[in-house]
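A.B. asks: Each chain, written out:
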Amino acid sequence: METIFSRFLAAALLGIFIENAAFERALGVNVLLYAARKRENLIGIFVGVIYVTTISSALTCLTDRYFSAWEYYNILMPFIYIFIVSAVYILTLMAVWRFFPNILKRVKKYVHLSVFNCAVLGALFIQSRIGGTFASYIGYGLGTGLGFLLAGYLLYAAEDRLNSESVPESFRGMPITMIYIGVISLALSAFWGKH
Amino acid sequence: MEHNMSGKVKLFDGIIRQNMVLMSGLFAGPVIGAATNLINSLVIALAFTLITMVTAGICRLLPKKFAFAVRIVLYALIASAVYIPVILLAELIFGSDAVNSVSLYLAILVTNPLIMAKTESRFFLRSVPMMFKDMAGFVIGFDMSCILVGALRDILSDNMLLNTIIPLPFQMSAMESVYGGFILVGILAGLFRFVYRRALRRKNHLISERKN
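So the protein sequences, as listed, match chains A and B. One point on numbering: in this note's numbering, the residue at position 70 of the first sequence is 62, and numbering is uninterrupted. One point on numbering: in this note's numbering, the residue at position 33 of the second sequence is 68, and numbering is uninterrupted.
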């Protein structure tokens, strides 16, 4: 039991800090920019990302385990993973529509954004390369979602300053945000001793 | 955006004014993460062009009576099916080493915002020829930015462009990293906007002078 939990925790920490989808792989930058700009959607988008990465990771663990020996598995991986993410999306949407119709009305506008984005798909691919047990797959999925939330919060917290008049007009908004993410990414790389 | 839907489509719109990498940052991830040299950027540009154009062409044929949630799922599944021949073609052209080195970013091209968002909000509101023209603008804009970033990172990190030596008095190995990519794209985006705004102001100034 202890081993399962330690594997889960190690994978989650890997996803949050060391292999952070946004800072270390530049995955889902568009979703981050969108979420930081539209503050009212911030929580909804990140809850969606965390939920989809965690559930989909558990399912991709099964396909990786049973089909990875197949010759054409690598080239079919995007199709298989998209199929899994789509199934999670549709089933969840149906459940929310049935039991929480008011929530669905609120998140309808951007729910597809938090499901079909580079961070979700990228996390599944990275975990597949790392391999590991069922617990580490779920841990990494959850960690990626939480790491994405951390990146989103750091952008959200700096959004006002990055758009303020103290930044030259041409660099205001997206350009300075990219440089800001770059500096955080540099700091994290140095902190973890990555080259 | 709506003002443009029924009117003329300008390639300029996607290439410059709404450039996906340097103006809106709508799809900068693969450029930052994978375009670390010219070859990688060419692989990404080729795959992006083919996956986006072919997928949008097929998705246009889907009946509109499907619910939005179902259409989005079908777009993603069609893109991931189109991905298969595109990767085989890229391997034929660039070799499997080049393709494998950016395989993670090639796979995520199937959920790119042109397919997942702009098809519904923009491209499918136009006639088919106009849709392809409009989309071509966005694709050319992305490809040009990707190749520019890849070439610059190649020169700055290795002092080489393909097999040609570019003699520079320094080497910036950080340009090969993701944080180097973020910072370079941020600086290029700022410069791009500066030049664009200057040109726009000059144009407006000339127009107002002519009127007077």
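Derived by calculation from the structure, the hints in this document are not laboratory data. Computed from a predicted structure; not experimentally measured. Ideal placement from N, C-alpha and C gives every residue a C-beta, glycine not left out. Be careful, since some hints might not be right.
Some chain B residues judged to face chain A by a derived CB distance under 8 angstroms, without partners named [said to hold, decoys possible]:
1. Leu85
2. Met88
3. Phe167
Now the stretches of chain B that chain A is said to cover, found in silico as 3 or more residues with beta-carbon under 8 angstroms [what the hints assert, rightly or not]:
4. 54 to 62
5. 73 to 83
6. 98 to 110
7. 148 to 160
8. 209 to 215
9. 222 to 230
Derived contacts from chain B toward chain A, CB cut-off under 8 angstroms, selection only [stated by the list, open to error]:
10. Gly68
11. Ile122
12. Leu124
13. Pro164
14. Met165
15. Met166
16. Leu197
17. Ile201
A.B. asks: If a hint holds in the structure, say so; if it doesn't, say that too.
C.D. replies: Comparing the hints with the structure gives:
| no. | hint | verdict |
| --- | --- | --- |
| 1 | Leu85 | violated, 14 angstroms |
| 2 | Met88 | violated, 17 angstroms |
| 3 | Phe167 | violated, 23 angstroms |
| 4 | 54 to 62 | holds (count 5) |
| 5 | 73 to 83 | violated (count 0) |
| 6 | 98 to 110 | holds (count 5) |
| 7 | 148 to 160 | holds (count 3) |
| 8 | 209 to 215 | holds (count 5) |
| 9 | 222 to 230 | holds (count 6) |
| 10 | Gly68 | holds, 4 angstroms |
| 11 | Ile122 | holds, 6 angstroms |
| 12 | Leu124 | violated, 12 angstroms |
| 13 | Pro164 | violated, 27 angstroms |
| 14 | Met165 | violated, 25 angstroms |
| 15 | Met166 | violated, 20 angstroms |
| 16 | Leu197 | violated, 24 angstroms |
| 17 | Ile201 | violated, 24 angstroms |
Hint violations for this structure: numbers 1, 2, 3, 5, 12, 13, 14, 15, 16, 17, all remaining hints satisfied.
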